[in-house]
Amino acid sequence: MSARATLVGQLIRKQRAYRSSRAISPVVGVVTLLAITVCLAVTVAILVTGWTVPNPTPTAAFELQADGDAGTLTIEHVAGESVDVRDLSLTVLINDTPLSSQPSVPFAGKKGYYGFPAGPFNEQADPNWHAGERAELTIASTNNPTLESGDLVTVTLVVGETVIATLEAEAT
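Mapping of the sequence shown onto this note's numbering: residues 459 to 630, in sequence order.
Because the hints were derived from the structure by calculation, they are not lab data.
Small disclaimer: the values here were computed from a predicted structure and weren't measured.
Don't be surprised by glycine CBs; every beta carbon is placed ideally from N, CA and C.
You may find that some hints are simply not true.
What follows is a list of derived Cβ distance ranges for each label pair [as the list claims (entries may be wrong)]:
1) Ser-540 to Val-488: 52 to 62 Å
2) Val-621 to Gly-567: 19 to 29 Å
3) Ser-547 to Thr-495: 42 to 52 Å
4) Thr-630 to Gly-573: 12 to 22 Å
5) Val-621 to Thr-600: 26 to 36 Å
6) Thr-549 to Thr-495: 47 to 57 Å
7) Gly-487 to Ser-547: 55 to 65 Å
8) Glu-626 to Ala-503: 21 to 31 Å
Hey, can you work out the whole structure from these sequences and the hints?
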């Protein structure tokens, strides 16, 4: 082979090597842009569909007092965060037996209870139950079991599906 043919052969090989290495760059660029587009689309889809962080359950401390003679339950919010009573449900047990008519808070003049509850359980009051405030309700004699002195009373306070307090007291 002549020197010229060898030189032409070398140039052809260099040109092929150059073309094959250049062909990789557009492929890598397209794949990178496609990956970025998919990531952005997923992020936007999550934000648009309303991915929300659940509201934290309030942390609070309560005390329960039960008066068997008057049939009253008094729950004091002793410390901690405010509780919106519209999100609150409570269950009352007397000697491990649930009341036939459980209180739904806030309320006014509910079957199974005398009069109107005091404090934040009253539907006319501020629904935010703050530390230092007391809520009181009087169980009617038509609600079973009736509250009497010496009875063990258990009240469970629930916000959403989370129990925030389980209180026990012996009725005086």
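Evaluated hints:
| no. | hint | in the structure |
| --- | --- | --- |
| 1 | Ser-540 to Val-488: 52 to 62 Å | 55 Å, holds |
| 2 | Val-621 to Gly-567: 19 to 29 Å | 28 Å, holds |
| 3 | Ser-547 to Thr-495: 42 to 52 Å | 47 Å, holds |
| 4 | Thr-630 to Gly-573: 12 to 22 Å | 21 Å, holds |
| 5 | Val-621 to Thr-600: 26 to 36 Å | 28 Å, holds |
| 6 | Thr-549 to Thr-495: 47 to 57 Å | 52 Å, holds |
| 7 | Gly-487 to Ser-547: 55 to 65 Å | 58 Å, holds |
| 8 | Glu-626 to Ala-503: 21 to 31 Å | 48 Å, violated |
Comparing the model with each numbered hint stated earlier shows that hint 8 is the single one that does not hold.
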